[in-house]
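> Those protein sequence lines, which keep their order, are chains A and B. The first sequence begins at 55 in my numbering and counts up by one. The second sequence begins at 708 in my numbering and counts up by one.
A portion of the hints provided could be inaccurate.
List of simulated lysine-lysine pairs, DSBU-like, C-alpha gap at most 30 Å [stated by the list, open to error]:
| # | chain 1 | residue 1 | chain 2 | residue 2 |
| --- | --- | --- | --- | --- |
| 1 | A | 56 | B | 832 |
| 2 | A | 224 | A | 283 |
| 3 | A | 283 | A | 241 |
| 4 | A | 56 | B | 885 |
Don't read these hints as lab results, they were simulated from the structure.
Below, each chain spelled out in residue letters.
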Amino acid sequence: MKDHAQFAEDLALYAMGALDEQARRELETHLGTCGECRREVEALRADLALVAMSATGPQPPQRSRQRLMDAIATGQREESKVRTMPPPQRGWPRWLILAPVAAALVLAAVCGVLMVQVQRLQQALAVERQNSEQARQVVRALIDPAAQRMTLVAATRRPPRIKTIYEKKKGLVVLIADSLDPIPDDKVYQLWLLPANGGDPMPAGTFSIDSSGNKVMIHNLGSMGIDAKAFAVTVEPTGGSKTPTMPIVYAPEG
Amino acid sequence: MAGTQAPNQQDDAALIARLRARDEHAMADLYDRYSGIVYGVALRVLGDTTAAEDVLQEVFLQLWRRPQAFDADRGKLAPWLAVIARNRAIDLLRRRPAEDDISELPISTGVNLEDTAGRRLAVEKVRGVLTGLPQEQRKALEMAFFEGMTHTEISAKTGEPLGTIKTRIRSALSAVRKAFA
C-alpha cells in the first residue's frame, strides 16, 4: 500500500492524465482525503498549462476564422470531424479482384457479421462512456478545491461511513457510501440536502448498496447555487419520499 | 465599465459575459486573442494542420455553446484553453472517445496571462525553461504531455525505470514553477 510520499510522486503524471488505470484509481482515493496533494495537483495543472502555452505561435489558416463565425451564425452543430490519423494503407487482396461474384457474397456475409459487432461495440461504448463520465465527475469533485466535503457517520452505530462532496455551482452531489448496513428489499437509502437558509430538506438522490454495503452515487439536484448546511441520509420506501422519514440514519459528525 | 472598453482591452470576464449574452462578435474577439494558443497546442500534439484546425473549431464552438463552463472568477482563459486544446488533441491522437473536455476545472495561476504582453512574456519564459532543461527531462515531459503517453509506455520506450521517469517529469515541472515564482 502506498504512503503519502509515494502518492506525491505520482501527482505530476496524474495532473496530465499519464497515470495508468490502477495507479490513477489509487491516487484518486488518496486525493479524497489529502488536502496537501489536492493543492499540489492544482499547482501542477497551472505549471502544465504554461507548458502547453509554450506551443503558441503557428497561426491557423485565414479561413478558420470565417468557418467558425459561419458555424456560429447558422447555429449549426459542427459535426465533430474527429479526424483520426489515417489508417495505414492496405492494397486490395488479389482474390477480391479476380472473383467478383464470390467476393460480393463473402463481403455481404462479412458485412452482416460486422454490423452486429459494430452495434454491440456501440452499446458497450455507450455504457463505457456513461461509466467514464461518471468516473470523471467523481474525479473532478475529488480534486475541486471549492467543493464542500463532509463525512457522514451512522447516528447510532459505527463504522459504516458516507462521504458527500457537494459542488454548489454545478448542483452536483457525489456520495461515496462505505460498509452501510443492508436494508429491506422494499426500501432505499435517500440523501437529503439541508439548506443553509433553514428551508425544507431537499431530496438529493436515492441509492441501494451493493453486497459489500458500498455505493457511489452522483446526483444532479437540478438547481445550482443552493447553500447547504448539511447532508443527511434516511431510509425510505423504494422510489424515495418527498420529505424525510425519521430517524436520520446518517448525519454529519459532531 | 467593461462594456465601454475597446474589445481588445476587455478582460476575460467581460468577453465571457458578452458570450453569455450571445454576442457573436465576442466570439470573434476571443478567437483573435486565443486562436494562436489553441491552434499552436493542437498542432504541436497532432503535427497535422488540418487536424489542428478541426480541434480549433471544436474548442471554440464548445465555448460558444457553453460559455458557463468557464468560471472567470476562478481562473484565466489562456491556460484553460491551452489545456483543453491539449486534451482534445491527445484524445484525437490516441483515438480515444471524445471527452467533454470543456468541463475542465479552472486553472488558477499568479502569472499575468490577461494581456497580450503578459502572455507573450510567459510564452517566451516557459520556452526558455524547456529549452534549457536537461534533454532527458524535456523528453520525458514531452512524451507524457505532448504525446499523451502513459508512464508505463514511456518507461517501456526509453528503457528507464518508472521511478526515473517520474523524477524527470517532476524536475522539469519544478523548473517551470521556479522560473515563474
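> Which hint numbers doesn't this structure obey?
1
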